[in-house]
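Participant: Line order of the protein sequences matches chains A and B. No gaps in the numbering here: position 126 of the first sequence is 141 in this note's numbering, and each next residue is one more. No gaps in the numbering here: position 123 of the second sequence is 366 in this note's numbering, and each next residue is one more.
Derived from the structure by calculation, the hints contain no laboratory data. One thing to keep in mind: the hints can contain errors.
[Claimed, not checked] The calculated EDC-like cross-link candidates involving lysine to aspartate or glutamate, where the alpha carbons are at most 20 Å apart (straight line), are:
1) A/K69 / A/E58
2) A/K155 / A/D82
3) A/K17 / A/E108
4) A/K69 / A/D24
5) A/K17 / B/D297
6) B/K287 / A/E108
7) A/K84 / B/D311
8) B/K341 / B/E416
9) A/K155 / A/E103
10) A/K140 / A/D24
11) A/K140 / A/E58
12) B/K287 / A/D82
13) A/K155 / A/E108
14) A/K140 / B/D324
15) A/K69 / B/E505
16) B/K341 / A/E138
17) A/K84 / B/D297
18) A/K69 / B/E521
19) A/K84 / B/D324
20) A/K84 / B/E416
21) B/K341 / B/D324
22) B/K341 / B/E505
23) B/K341 / A/E108
24) A/K155 / A/E141
25) B/K263 / B/E325
[As the list claims (entries may be wrong)] If you want the ones that stay clear, here's a sample from chain A, every Cβ over 10 Å from chain B, calculated:
26) Q19
27) E30
28) G44
29) D46
30) T48
31) Q56
32) E58
33) T63
34) C79
35) Q80
36) D82
37) S93
38) C113
39) A126
40) L143
Think of the CB as a built atom: it goes at the ideal place given N, C-alpha and C, for glycine as much as any other residue.
For reference, the chains in residue letters:
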Amino acid sequence: MKIQFTLNDQGVNAEIEPQTLLLHLLRDGFDLTGAKEGCGQGECGACTVIVDGKAINSCLVLACQVDGKEVITIEGLSRGNLLDPLQEAFISEGGVQCGYCTPGMILSAKALLMRNPHPTLAEIKEALAGNLCRCTGYIKIFRAVEKAASPCPEAD
Amino acid sequence: MVLIFPFTVIRPQTVPQALKLLDSSGGRWQMIAGGTDLIPRLSKESGQPSTVMDLSPLGPELNYIRLDGGALAIGALATHDEIARSALVGEQAAVLAKACQVVGSQQIRNRGTIGGNLANASPAGDTLPALLALDASVRLARSSGSRIVPLDQFLVGPGQTILERDEIVCEIEIPAVSLVSGGGFTKLGLRNALAIAIASVAVVVDRENRCRVAYGSLAPRAVRARGLEDAINNRELDGRDSLRPYVLRAISPITDIRASDEYRRAVAVNLTYISLYEMGLTGGGG
């Protein structure tokens, strides 16, 4: 099957087997290995990417289903060397340890901030409830999202 | 997991096109919409389909939430997130919005559809007790026409519905008498998100002041508790002990990896009591 979609702001084409999952197209077809197969069942969020503004589990989407849509992966968040405020906040607040959950975690947070720029802590927790982390205990991740969402994200 | 078994994907662009294609399919095609139930299942099962029909391009025709002659009509492709966030659902069928809000996770809610939740007919499906309490009906379409069946008739057993192989779920309709902004939905799971319900309860008081109660994960399919409803509506109940025998008669839980039948019986009574108490439908006390 031939599909066309927007990937990190660029129009792309792909020729795929119909049963290809979006996760594998991104990793194997486009070498975007930020999204991970943590469970393959939509239960960990490590494969999270943003499609048409919404965070989704890319292990549960057939690649052909993003034909005509806009996909954002973690690799698309930074502009050259300029990191997204969320990425900066994850670093400064210590919200990254092994880093395995981090791409998915940041994208879930990004999707939240795209529709709700000043979420409450409860809203942050709900938005990130589909992303599991085995290292951090979540507190510093929530602080990172709060910091990125604050009116002055650069102030310490 | 990689889906190593190859299959063809058909992506019809209109409902009439989809139904016409289904007609010629010999009834062996697998439907996909959000894919959140189907894709994990495909990787586990043998006997994989040779053809999958993707209903997601039908969004323009099948994704809507609107009032239709007094009833609330929800297209089968409306996602759990869209329903949970809908101001109209929040005002008119709040218990359904509450149920959709506790499905899986934000990522799952952004893809999973109400039509899929119905067609999948898991005994633990979160929208099903809410829809039963709302007396919802389902419209099913095939190329030769459509039919409307009460949800209570649509659901048969675990993963079993009356959907024929050449039919798709088009719409869920909630009648005017059920449209209220109150109601409660409680889901008990092993954690706060990404959890399949151990037990769930939906309670609604309709526009004629009649109480409806429905359960999930406590029987082979979601069920109404009509004996309990009568007792409530006849004001025969006062406190948890009085409602216990009615609750236990309404459910038939099993022991599985999530909970024992005994635990489920105990929590069913407690969740019912808490829900009814919070809505002022029973007195306090054991």
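Participant: Each hint: holds or not?
Facilitator: Comparing the hints with the structure gives:
1. With a C-alpha separation of about 17 Å, the suggested pair A/K69 and A/E58 falls inside the 20 Å cut-off, and the hint holds.
2. A threshold of 20 Å between alpha carbons decides the hint, and for A/K155 with A/D82 the separation of about 36 Å lies outside it, so the pair is violated.
3. The hinted pair formed by A/K17 and A/E108 fails the criterion: a straight-line CA distance of about 43 Å is larger than 20 Å.
4. A distance of roughly 15 Å separates the Cα atoms of A/K69 and A/D24; the hinted pair therefore holds under the 20 Å criterion.
5. For the hint linking A/K17 to B/D297, the alpha-carbon distance of about 15 Å falls within 20 Å, and the restraint holds.
6. Between the alpha carbons of B/K287 and A/E108 the distance comes to roughly 40 Å, so the proposed pair goes past 20 Å and is violated.
7. With a C-alpha separation of about 31 Å, the suggested pair A/K84 and B/D311 falls outside the 20 Å cut-off, and the hint is violated.
8. Of the supplied pair hints, the one linking B/K341 and B/E416 holds, its CA atoms being roughly 17 Å apart against a limit of 20 Å.
9. Between the alpha carbons of A/K155 and A/E103 the distance comes to roughly 13 Å, so the proposed pair stays at or under 20 Å and holds.
10. Simply put, A/K140 and A/D24 have alpha-carbon atoms about 28 Å apart, too far for the 20 Å limit, and the pair is violated.
11. As the CA atoms of A/K140 and A/E58 are separated by approximately 16 Å, the hinted pair is consistent with the 20 Å bound.
12. The suggested pairing of B/K287 with A/D82 is violated, with an alpha-carbon distance near 26 Å, which exceeds 20 Å.
13. This hinted pair checks out: A/K155 and A/E108 have alpha carbons roughly 6 Å apart, not beyond 20 Å.
14. With a C-alpha separation of about 16 Å, the suggested pair A/K140 and B/D324 falls inside the 20 Å cut-off, and the hint holds.
15. Distance check on the hinted pair: A/K69 and B/E505 sit about 40 Å apart at the alpha-carbon level, beyond 20 Å; violated.
16. Distance hint between B/K341 and A/E138 is fulfilled; the C-alpha atoms sit about 15 Å from each other, no more than 20 Å.
17. This hinted pair checks out: A/K84 and B/D297 have alpha carbons roughly 15 Å apart, not beyond 20 Å.
18. About 34 Å separates the Cα atoms of A/K69 and B/E521, which puts this hinted pair outside 20 Å; it is violated.
19. Straight-line distance between C-alpha atoms of A/K84 and B/D324 comes to about 18 Å, which keeps the hinted pair within the 20 Å bound.
20. Note on A/K84 and B/E416: the hinted pairing is violated, with a Cα-Cα distance of about 30 Å set against a maximum of 20 Å.
21. Distance check on the hinted pair: B/K341 and B/D324 sit about 11 Å apart at the alpha-carbon level, within 20 Å; holds.
22. Under the criterion of a C-alpha separation no larger than 20 Å, the hint pairing B/K341 with B/E505 is inconsistent with the structure, at around 27 Å.
23. As the CA atoms of B/K341 and A/E108 are separated by approximately 34 Å, the hinted pair breaks the 20 Å bound.
24. About 16 Å separates the Cα atoms of A/K155 and A/E141, which keeps this hinted pair within 20 Å; it holds.
25. For the hint pairing B/K263 with B/E325, the CA-to-CA distance comes to about 29 Å; that exceeds 20 Å, so the pair is violated.
26. Listed as outside the interface, A/Q19 is consistent with that label: its C-beta sits roughly 13 Å from the nearest C-beta of chain B, beyond the 10 Å cut-off.
27. The beta carbon of A/E30 is kept farther than 10 Å from every beta carbon of chain B, the shortest such distance being approximately 14 Å.
28. Distance to chain B confirms A/G44 as a non-interface residue, since its nearest Cβ pair spans about 13 Å, more than 10 Å.
29. Every Cβ of chain B is farther than 10 Å from the Cβ of A/D46; the closest lies at roughly 17 Å, confirming the non-interface assignment.
30. Every CB of chain B is more than 10 Å from the CB of A/T48 (nearest about 15 Å), matching its label as outside the interface.
31. With a minimum CB-CB distance of about 4 Å to chain B, A/Q56 fails to clear the 10 Å threshold, and the non-interface call is violated.
32. At the 10 Å boundary, the C-beta of A/E58 falls inside the reach of chain B, the nearest C-beta of that chain being 5 Å off.
33. At roughly 6 Å from the closest C-beta of chain B, the C-beta of A/T63 falls inside 10 Å, breaking its exclusion from the interface.
34. Chain B draws A/C79 into its interface by the beta-carbon criterion, the shortest separation being 5 Å against a cut-off of 10 Å.
35. Annotated as non-interface, A/Q80 brings its C-beta within 10 Å of a C-beta of chain B; the closest such distance is 6 Å.
36. With 10 Å as the threshold on Cβ separation, the claim that A/D82 sits away from chain B is violated: the shortest Cβ distance comes to roughly 8 Å.
37. The claim that A/S93 is not at the interface with chain B holds, since no C-beta of that chain comes within 10 Å of its own (minimum 22 Å).
38. Remark: the non-interface label on A/C113 is consistent with the geometry, its nearest Cβ contact in chain B lying 20 Å away (cut-off 10 Å).
39. Look at A/A126: its CB is around 8 Å from the nearest CB on chain B, not clear of 10 Å, so calling it non-interface is violated.
40. Listed as outside the interface, A/L143 is inconsistent with that label: its C-beta sits roughly 8 Å from the nearest C-beta of chain B, within the 10 Å cut-off.
Hint violations for this structure: numbers 2, 3, 6, 7, 10, 12, 15, 18, 20, 22, 23, 25, 31, 32, 33, 34, 35, 36, 39 and 40, all remaining hints satisfied.
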